[in-house]
Amino acid sequence: MNGLGANPATGRITLAHGSGGSAMHGLIRELFHKYFSNDILNKGDDAARLETHEGRLAFTTDSYVVSPLFFKGGNIGKLAVCGTVNDLSCLGARPLYLSCGFIIEEGFFLNELEEIVRTMAGTAAECGVKIVTGDTKVVQKGAADGIFINTSGIGVIPDNVDVSGHYALPGDKVIITGTVGEHGCAVMLGRENLGMESPVESDCAPLWEMVQKLFDRTGLVHVMRDPTRGGLATTLNEIAEQSGVCIKLYEEAIPVRDEVRGVCGLLGLDPLYIANEGKMIIIAPEHYASDVVKILNGHKYGKAACIIGEVLEEPEGRVFMHTFAGGTRILDMLSGEQLPRIC
Amino acid sequence: MNNSNYIDEFHNSGAASAIVAALGRYDGRKLNIMEVCGTHTMSIFRHGIRELLPESVNLISGPGCPVCVTPVSFMDLAVLLAREKDVIIATFGDLLRVPGSLTSLAEEKADGADIRIVYSPLDALKTARGNPEKRVVFLSVGFETTTPVIALAVLKAYEENLPNFSILAANKTMPEALKILAADSGSRIDGFLYPGHVSAVTGTQFYRELAEAYRVPGVVAGFEPLDILHGIYTLTRLCSEDGNSVVNEYSRVVREQGNPIALEKMKEVFEPCSAIWRGLGKIEGSGLGVREKYGRFDARRVFGLVETAGKEPKGCICGEVLKGKATPDKCGLFGKTCTPESPAGACMVSSEGTCAAYFRYNKGVII
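These protein sequences, in sequence, are chains A and B. Positions in the first sequence are counted from 1; adding 44 to them yields our numbering. By our numbering, the letter at position 206 of the second sequence is numbered 198, and the numbering carries on one by one without gaps.
Quick caveat, the hints were computed from the structure, so don't treat them as lab data.
Simulated DEER-style distance windows between Cβ atoms:
| # | chain 1 | residue 1 | chain 2 | residue 2 | range |
| --- | --- | --- | --- | --- | --- |
| 1 | A | Asp314 | B | Lys306 | 28 to 36 Å |
| 2 | B | Leu94 | A | Lys181 | 35 to 43 Å |
| 3 | A | Leu101 | B | Val245 | 57 to 65 Å |
| 4 | A | Gln286 | B | Gly324 | 26 to 34 Å |
| 5 | B | Arg42 | A | Leu213 | 30 to 38 Å |
| 6 | A | Val183 | B | Pro252 | 52 to 60 Å |
| 7 | B | Asp78 | A | Val183 | 27 to 35 Å |
Every residue gets a Cβ at the ideal spot worked out from N, C-alpha and C, and that includes glycine.
Work out the full structure, taking the sequences as your base and the hints as a guide.
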């Protein structure tokens, strides 16, 4: 990569890349603009000039500090685009524009940065979203864990769409768009170097294209939320509390891959509390629920979608589960971090 | 052998209903069954098994959670070591948030102490090899399931002549504690659900001796819901009969003679000694100390440590809970000043502690 001002011997980021001078401009031109290229970004102004759109705006932000940076099924860049796109999708908003801020540790390898940026560009293209503005900072060695990324996103909510965590009603069905527990497992296996061989991959994926099909038809879905940190159980607790309802799940109905069960069984973890990055919880009225599942099943990211429970009136704010054995288990919010057992 | 993965079969809800129905037909005397193992406690709550049992069958949680029975004084020693500048503490995750007299390892970590979570004691060896200028201390806690691998780590360190590795041992064995529980007339235990994985190492001979001596039957059970339900069902039958039978229902993992190789490694490195069990007090012959031959891997010797009696939190009834004489909801601190986020006692923070299980899965709410 010429003109990047990088140390030619090692191809690493230096403090010069964040100083505002020619090295930084070289990096922006040869890396970010090259991969993220679009008419708005290419203008090179301090802010992005955006066209107005019909409908209400949705706006969200997220920072990504995952370790390791590269894991089975993705990398921090893919996460940074999917996470923000999916947050917009949860509101039924068509994702339009992303901003992207990088904080890079001095000494970071340029070829790894390029891989991350390339992945971000590919993922953005998959969901038709443009990265229109950004920022780059470089900090001294030790002041960041390799690279931190922040993305903010703007989307537009069509008129016939109104979803919120407050809208779950007794009688509604609870749907998950696929198998749970994969992303957190993949990251933990990658980070901890457990000497375990496992086919578990992160499920990281942009979901707008899939959920948009729900609104194409009738827009009757009540709640959509992606069960990221804290997992399915924690996210359902948030919804139960917001909507003032009770949620009942059926353990037999919750789809979990065998390899995830295996890893969790070995480490003493619970798949219901592990992060997902390519799944959506959808709460829909009873009469519409099977149609929702059918629509989701027709998309590559929703093949394992199914109904896993229902909304009850009380006890308010509680989530519980009917177990395999026929008993009842209360699913509380995750407290602290899941720690693997001693024996 | 067809496509059996030994998991799905034991999660079969049809079979579970059949066993629950059979249990429902129990019409004998009231029974107190003690499940000794922390993993059983968790599994019972996780699958909602308690509510499936008839009124006359009462499940008591016993002291089989190695973290819960580790005395406060041990955590204080761990904290002392963690504060040494050249020491790296390697520990199982469970111990991180257990409160000592004044502080916990998690708080020390936030303060800058080098404390690393490991999944296996062999990882602690790796840390020692990779950090020759530091002294690595592995917090050695566990029953017979875990102790053999810890022994293996010490043997490897001995082979390699590793100068900077040691273990702070608080390992325990079950037999002496079980004797005390069986003999205690205050808590009338009619039968034991024995720990599947401990038994895989120890074998079942001791349970049969206990059953003979104290006429308390037992079932060795695995951890899937069907294992536990069927184990309890079998116990109701055994309790109505002679009263000195032991049945191994975890035969897919447990052999009558246990695992001789694991036992041999344990005996090579450790010797029996007295041990303090939180809540049960001192029990002779229930602890494991590092033998003289491996003395340079014993952190107590290496650092010249003297154990002082730790301060138990006021109002904490972990001891009564561990003996099965009280349930967590009877504790004045439960759910108020003692929660998983801010635990007062070890029974709350350990992933297998009875109080943690009650809180996480039950919170006293009846659905």
